[in-house]
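There are 2 protein chains.
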Amino acid sequence: MILQIYLIFEGHFLSSSKFFFMQYSQNFRTHDCGSLRIEDVNKKIVLSGWVQRIRKLGGITFVDLRDRFGITQLYFSEDLSKDINTKLAREFVIKVQGEVIERSNKNPNLPTGDIEILVKDYQVLSKSKTPPFTIEDETDGGDELRMKYRYLDLRRKPLQENIILRNKVNFETRNYLNQLGFLDIETPFLIKSTPEGARDFIVPSRMNAGEFYALPQSPQIFKQLLMVSGFDKYYQIVKCFRDEDLRADRQPEFTQIDCELSFVEQEDILNTFEGLIQHLFKKVKNIELPTPFPRLSYEEAMRKYGNDKPDIRFDMAFVTLKAPQGDLNKDYKGIDKTSGANFKVLDDSEFIAGIIVPNAASWSRKQIDTWTKWVKEPQRGMGGMIYVKYQEDGTVRSSIDKFYSEEQLKVWLEMGNAKPGDMMLLLSGKTNEVRKALSALRMEIANELGLRDPEVFAPLWVLDFPLLEYTEEDVDGGGAGRWIAMHHPFTSPKKEHIEWLKDESKFEYIAANAYDIVLNGHEIGGGSIRIHNKEVQQSMFKTLGLSEEESQKQFGFLLDAFEYGVPPHGGIAFGFDRLCALMGGEESIRDFIAFPKNNAGRDVMLKAPSSVDQNQLDELALQINKDKIQNQEK
Amino acid sequence: MILQIYLIFEGHFLSSSKFFFMQYSQNFRTHDCGSLRIEDVNKKIVLSGWVQRIRKLGGITFVDLRDRFGITQLYFSEDLSKDINTKLAREFVIKVQGEVIERSNKNPNLPTGDIEILVKDYQVLSKSKTPPFTIEDETDGGDELRMKYRYLDLRRKPLQENIILRNKVNFETRNYLNQLGFLDIETPFLIKSTPEGARDFIVPSRMNAGEFYALPQSPQIFKQLLMVSGFDKYYQIVKCFRDEDLRADRQPEFTQIDCELSFVEQEDILNTFEGLIQHLFKKVKNIELPTPFPRLSYEEAMRKYGNDKPDIRFDMAFVTLKAPQGDLNKDYKGIDKTSGANFKVLDDSEFIAGIIVPNAASWSRKQIDTWTKWVKEPQRGMGGMIYVKYQEDGTVRSSIDKFYSEEQLKVWLEMGNAKPGDMMLLLSGKTNEVRKALSALRMEIANELGLRDPEVFAPLWVLDFPLLEYTEEDVDGGGAGRWIAMHHPFTSPKKEHIEWLKDESKFEYIAANAYDIVLNGHEIGGGSIRIHNKEVQQSMFKTLGLSEEESQKQFGFLLDAFEYGVPPHGGIAFGFDRLCALMGGEESIRDFIAFPKNNAGRDVMLKAPSSVDQNQLDELALQINKDKIQNQEK
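Line by line, the protein sequences give chains A and B. Under my numbering, the first sequence has 136 at position 62, and the numbering climbs by one with no breaks. Under my numbering, the second sequence has 293 at position 219, and the numbering climbs by one with no breaks.
It is possible that some hints are incorrect.
Treat identical chains as interchangeable: a pair holds within one or across any two.
[Claimed, not checked] Within a straight-line C-alpha distance of at most 30 Å, the following computed DSBU-like cross-link-like pairs (lysine-lysine) qualify: (1) 450 x 180; (2) 608 x 203; (3) 616 x 201; (4) 418 x 510; (5) 627 x 700; (6) 702 x 169; (7) 484 x 450; (8) 201 x 156; (9) 222 x 313; (10) 313 x 681; (11) 359 x 484; (12) 201 x 608; (13) 357 x 313; (14) 378 x 700; (15) 569 x 194; (16) 510 x 411; (17) 576 x 203.
Quick caveat, the hints were computed from the structure, so don't treat them as lab data. These numbers come from a predicted model, not from an experiment.
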């Protein structure tokens, strides 16, 4: 019994395919290109793979044969080498029969580097044109070319490793959740379009011509219905769709790890899913992440890092010198460490904060000017930047030492625990703008200082998000801004704030049972405990300015379902593409997706989207309105 | 080490959630409703769940509390029972605190039947209206109502078991394939529309207005590209889409287990995937299916069962009395056991075959008439049916004993190994029509005789499908029928038939490296070894009447990819919905899908598809052509 289990277990984690070869016919290969070792010398073997490189050396020829498991060197004798240039070239697929021999010139960088194959015979299984770029770790192909020939780009080892890592993260996610009793339940892709949230992709129906399905932006409503049905714990690794104007590194279709649980509290969800992240890092990267993960409230995150997804691989927390009473937190008393010096710039600022840059007192004027220029660029929009250098000799030099004494400046430095040799950089202005700019400055300087090592992983929870946010956007055409749900309209307010749903002056202070999980400055997941009480839900809709009619129209079937016994429930969704990219040590998701779209939403390999026949449109009772196509790039 | 493995292994197969409760806060529950036993007596526990049933008994009350793990009986004392009718009703979600006590009146049909909970306190977590149908194994709800309230129907145990079974089949499929080194690689959903095959669902693009994506009918082309990329072994459990007029038990979106392998032969694929089915039945149903599975060529299947997906749980193979030379197989010599009797009906028939129905010699005239009527119905379209009874006393009685002697008829009976007491039923006419009708008769009689036990499983392979089939349909508008690919245009012909691609008179005899896996009369999967040779592919396109230009237009990027070194490869895809339904002992897939569509492609719970705002259409540069909407039902 135990032995059998052991074998099954091993099977899960075999990276090469030893099990595979036990079962398969050996006409094409007895081994893969990554598995032969010095112990295999004298074995008669068959290998198949791609020709990576051909090197003539006098009369003989060396060929590197590649598959996804590795590279094995082939040795072609003088006899076989004679016409080899007319028979073989890069990226040909060949099969060789031969014998494993010891290499005289060993390659310690290659797992198979101690051996080579003395080729007895070979066949070309298929030929290749010269590829448009080199199939090497570092390629000479440009982005556009690589996207067009994605199937060739995917032959390169870094991309293969990304896709294989993604496969592992997927499998281990399932292992972990399955172990905890989660059920993988598929939810539909052809659903109903709703006006809330981001823009839906819609799908015209032929059988119900003139009507449309929508592709899901997430399975949110279905997973809540599954809780109503009593499935208790649900998960899915599932494609979602959002028709947004694509910013860099967004995809119109993306993948979520989507989860929902019944009869749980926020604490249960945090424990379960930091356990998931811990499990994934252990199994996939052999990294032990200590738990519990650090936790910050939304307010703390904003106050310390100006950002609800702080990168905490490094410190440089904000030192706030001036902030208005109230701030984000009603209990916050306000602060002012700058007034009284008659320095108008700061006196006129609502908010002043800085960061302590370690060992930066030695920065030149020019360096500082570069950063000043950077914060003044339109994206940051600051009026300027103040520096306070805590010099190695203990003295202080600052761009504003005309206004503030050394003692005053030292108070500021000490508020940030600066040491001699450090420098404080200060920004001032409106609270939100300063926070945003200072957060960007903190990140950018950390990049420059090499403090954002992609192989260091610092996860944390950000908790207690505001339930509501005010948008100036005229969402419903009623002519004014309004309060909208920050997460979604089913997110529950903190128990002690439920009463405030009736008092607009308190809307901005209502905290939600909502949480994000953040890794290295990126939100990798987020969720909430949902409302399961009909009265609270109605209160919430009222707060959002939805009449009973409107809420019925938009969420009718979910509200109906909520009439029939809803368990307390909550959930979370992870951005799977982002999680994989970060685990792979990269910021961009594109190379962790086998067939991504470009920033115009196009698949340049497929040439999609494309025009369709009028017949096809007729069946759907559709017609293209050419007037509405405005100078779009094709 | 071994111990740890054991725990992980156990985790996979825990049906109740013991692991779960070790980790979670116990505010809502310390146990689920299926786990308490006599050993737990005296324990203080917390349970949460749905009220299944309330029974007053004198002053006290019994409540059955339900969750997906089971049912536990609650005992409310007289005190707590007083106002219980005003506080509790069916489908309310409640939480109870209490103590496990031994039941005086044990219920041996319930795993928790030895105990009950002496309730100390309870809270209503949420209320329920009276559900529109009973939440019981056998419900009083009609189809339409149950679809509308799908979230309530999903509370019923038979449906919960289906969905949980599906989850297990999914997980164990992954376990098996992962073990063999298959990689789960996601392929895109927003792809390019192609005119070949069934109708695509299309998705209008906003960023490229006037153009459309298509939803994939299968990831066929992507999995072949992944082989070109060298990923070696790919799998995915993936949604696919087909805009067909829905017959009963078809869904516009359905799920496939999709697989592709490089450097393999057909035999490898058959071994690997009968291994998968064996693994699934062992893990999910604890049934040992012996391997190798039986194999039939397409020709044998058609000759023995008139059907390329025969149900072999029972015999009743065809006895062919007359068939033209050639038949489906060029080596087949033809047969004639009926001529010379001057019986015009049979003399004029191209094809005559029958089945031996066991123990049916005693059927009454009326019974036989009923079946005769049945084969004459338009779906079968037969002119009549002949019976030959092999009576218990060894004599023969037949509807045609005017034309054939007892000796002649006995020859026929013996060809089918009939025993006294059996009866032969014969149909005659055109080959394909008789095969179809006789196959239907065989299945229907087997149903009647109880020979199709849903808990008996008889898988088999059907091999050597024809490569091509002739369609009278004017597919390309050229005014005539043509040869099309039976599987798809990338399926390889048998090596020895490649030459025949140049000789139209031989097209019908070309066999493909294509295979189906059949279970209990349903095709559950199919696939082929693909063409990886450019010249053969071009030959194939020529055979299909595609010019180089047309094939380039339709399959351009795949043909491009095939220029750069293609490994020999092949694959298979399983109909996941069907597989789950059959494993669950049912013929209909609908109740193995959490949220299915009805036969009009509508989700009656969501009310999808639906109309969308003109704004939304404007952004897509679309307008509805009302003239084309013809009296469609809404």
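Evaluated hints:
no. : hint      : in the structure
1   : 450 x 180 : neither (57 Å within a copy, 79 Å between copies)
2   : 608 x 203 : between (66 Å within a copy, 12 Å between copies)
3   : 616 x 201 : between (67 Å within a copy, 21 Å between copies)
4   : 418 x 510 : within (22 Å within a copy, 94 Å between copies)
5   : 627 x 700 : between (32 Å within a copy, 25 Å between copies)
6   : 702 x 169 : neither (56 Å within a copy, 57 Å between copies)
7   : 484 x 450 : within (26 Å within a copy, 102 Å between copies)
8   : 201 x 156 : within (19 Å within a copy, 85 Å between copies)
9   : 222 x 313 : both (23 Å within a copy, 25 Å between copies)
10  : 313 x 681 : both (21 Å within a copy, 22 Å between copies)
11  : 359 x 484 : neither (44 Å within a copy, 74 Å between copies)
12  : 201 x 608 : between (66 Å within a copy, 9 Å between copies)
13  : 357 x 313 : both (24 Å within a copy, 28 Å between copies)
14  : 378 x 700 : neither (52 Å within a copy, 58 Å between copies)
15  : 569 x 194 : between (77 Å within a copy, 25 Å between copies)
16  : 510 x 411 : within (21 Å within a copy, 91 Å between copies)
17  : 576 x 203 : between (71 Å within a copy, 27 Å between copies)
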